[in-house]
Amino acid sequence: MAPGADRADDMWSFEAIGTRWQIETDEPLPTEAQREVRAVIDRFDAEWSRFRPDSLVSRLARGAGSVPAPADAGTLLAVYTDLSAATSGAVNPLIGDVLERRGYDSAYSFVDHGPVAAAKNWQERVRATDGRLVLDPPATIDVGAIGKGLLVDLVLACVRRHVGGDIVVDASGDLVARGTAVRVALEHPYDTTRAVGVIELQDAALCASAVNRRVWGDGLHHVLDARTGAPVQRFAATWAVASDALHADAIATALFFDGGPELAHVWGADWVRMTTDGRLQWAPGSKAELFT
Amino acid sequence: MIRTTARPLRVGAAVVGIAGTLTLAGCASATTSGSGTSDENAASTSGSSDASGGGAYKDGTYTAEGSYQTPESVETISVTVTLKDDVVTDVSINGSPTRAESQQYQAQFVGGISDAVVGKNIDTLSVSRVAGSSLTSGGFNKAIDEIKSEAAA
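In order, the protein sequences belong to chains G and R.
Each residue of the first sequence is one higher than the one before, starting from 1 at the first, in the numbering used here.
Each residue of the second sequence is one higher than the one before, starting from 1 at the first, in the numbering used here.
Just chain G, same shape as in the assembly (with noise of 0.2 Å):
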């Protein structure tokens, strides 16, 4: 084994969700896990895209009032209720009204209505109760501030009941290491060729995210203010570290708020952010090795 050649030696990649997946293992992974990898993915999918007529959460954007609610309906409808209060309801899982009204919608018009708040009563409208979700009235459900970290915690656990060992997902900005530690630069927003720094990961998630891809019309990109309906201003790019990637993708997304630091503290997840003019910011005591 080459020096560096340290980590798992298996790689499958494959594209699901619009974006790229690797999964790195000691061994293959074998055809019955990478087939219940999969069905993972796509039952997500059908709960959870708003890019899919036939979802969940697109029937209830068309006045479902109630679907059988997914299993992961509680968990992630908590982390909302953390994340918003938070960030003062600057995050809100009915964002997809104003993502689509902005144009980045099912269609990818991106034609842009221009600016409208989210529903701040999300949490009198949005709720998890016996056995079914419930939307009244009907609104666009968007989870893209957590549900790809959330999936990637699944897509583990699918893999972990097949083999042992090292085992690396990652779902192209959101990633989690169980093993060995990996070593992770973090992309530089502004030249994607540049790190402004290096992680060392090892049995915790990274969740990463930033303005630079998903851009469209007049500076508009997918991280909008829930209050206002603008993209965000002041922050360029986030990484959080967390012990698994559901709360590692909600602190990259607070991290765009005031708040965002402060609940970082209250979970205990170390994390990075760089301002829109290109400075760094860090969490206390953080193990990020930043070229500064």
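Read the hints as simulated data drawn from the structure, not as lab findings.
Mixed in with the good hints there might be a few duds.
What the hints assert, rightly or not - Taking lysine to aspartate or glutamate pairs in the DMTMM-like style, the calculated list, with each CA pair at most 25 Å apart, reads: (1) Lys120(G) <-> Asp166(G); (2) Lys84(R) <-> Asp191(G); (3) Lys287(G) <-> Glu262(G); (4) Lys120(R) <-> Glu200(G); (5) Lys120(G) <-> Asp72(G); (6) Lys120(G) <-> Asp82(G); (7) Lys120(G) <-> Glu200(G); (8) Lys287(G) <-> Asp123(R); (9) Lys120(G) <-> Glu100(G); (10) Lys84(R) <-> Asp59(R); (11) Lys287(G) <-> Asp59(R); (12) Lys120(R) <-> Asp191(G); (13) Lys120(R) <-> Asp136(G); (14) Lys120(G) <-> Asp105(G); (15) Lys120(G) <-> Asp136(G); (16) Lys120(G) <-> Glu262(G).
A quick note: this is a predicted structure, and the numbers were derived from the prediction, not measured.
For chain G, the structure is supplied; the task is to place chain R on it using the hints.
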């Protein structure tokens, strides 16, 4: 004054792309009118008037200033882009978002703040993974490509 040198980008070929590049530079929405968040905008152009090569844009230095409202204050920022032969050769940002959390808040939850970071070439680092924004989906990229080709037509 923060200077960030962008990698060359063909301007004429990518109307949407230049909006993206300005976003990369940090504040396109602060510099574009009609974005819904800018409440005051001013743009000025200086530089050579002898545009060469018949490109879509004149060579020169373009500066735009904008201000926008945050929950607690009004921020102002200016972006300067240098174009030569339809390629962005330099981007600089002047005036940083000044709104700061209270000193107490920063001391408690933020470990530190650096100057602008250039970073290191990823190829020179011993890393096995890179974490940035998610690669965009096929559908998203296809739609953007269509818009670009319509804009070029």
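Consistency of the hints with the structure:
1. Lys120(G) <-> Asp166(G): The given pair, whose Cα atoms are some 43 Å apart, is violated under the 25 Å limit.
2. Lys84(R) <-> Asp191(G): Since the Cα atoms of lysine 84(R) and aspartate 191(G) sit roughly 20 Å apart, the hinted pair holds (cutoff 25 Å).
3. Lys287(G) <-> Glu262(G): With Cα atoms ~17 Å apart, lysine 287(G) and glutamate 262(G) stay inside 25 Å; holds.
4. Lys120(R) <-> Glu200(G): 17 Å, holds
5. Lys120(G) <-> Asp72(G): With a Cα-Cα distance of about 23 Å, the restraint between lysine 120(G) and aspartate 72(G) holds, given a limit of 25 Å.
6. Lys120(G) <-> Asp82(G): Holds, because 15 Å separates the two Cα atoms, which is no more than 25 Å.
7. Lys120(G) <-> Glu200(G): Measuring from Cα to Cα gives roughly 38 Å; hence the hint is violated.
8. Lys287(G) <-> Asp123(R): 22 Å, holds
9. Lys120(G) <-> Glu100(G): 17 Å, holds
10. Lys84(R) <-> Asp59(R): 5 Å, holds
11. Lys287(G) <-> Asp59(R): Given pair lysine 287(G), aspartate 59(R) is violated - Cα atoms ~45 Å apart, limit 25 Å.
12. Lys120(R) <-> Asp191(G): 10 Å, holds
13. Lys120(R) <-> Asp136(G): At roughly 50 Å apart (the allowed maximum being 25 Å), aspartate 136(G) and lysine 120(R) break the hint.
14. Lys120(G) <-> Asp105(G): 21 Å, holds
15. Lys120(G) <-> Asp136(G): Given that 25 Å is the threshold and the Cα spacing comes to 14 Å, the pair holds.
16. Lys120(G) <-> Glu262(G): With Cα atoms ~22 Å apart, lysine 120(G) and glutamate 262(G) stay inside 25 Å; holds.
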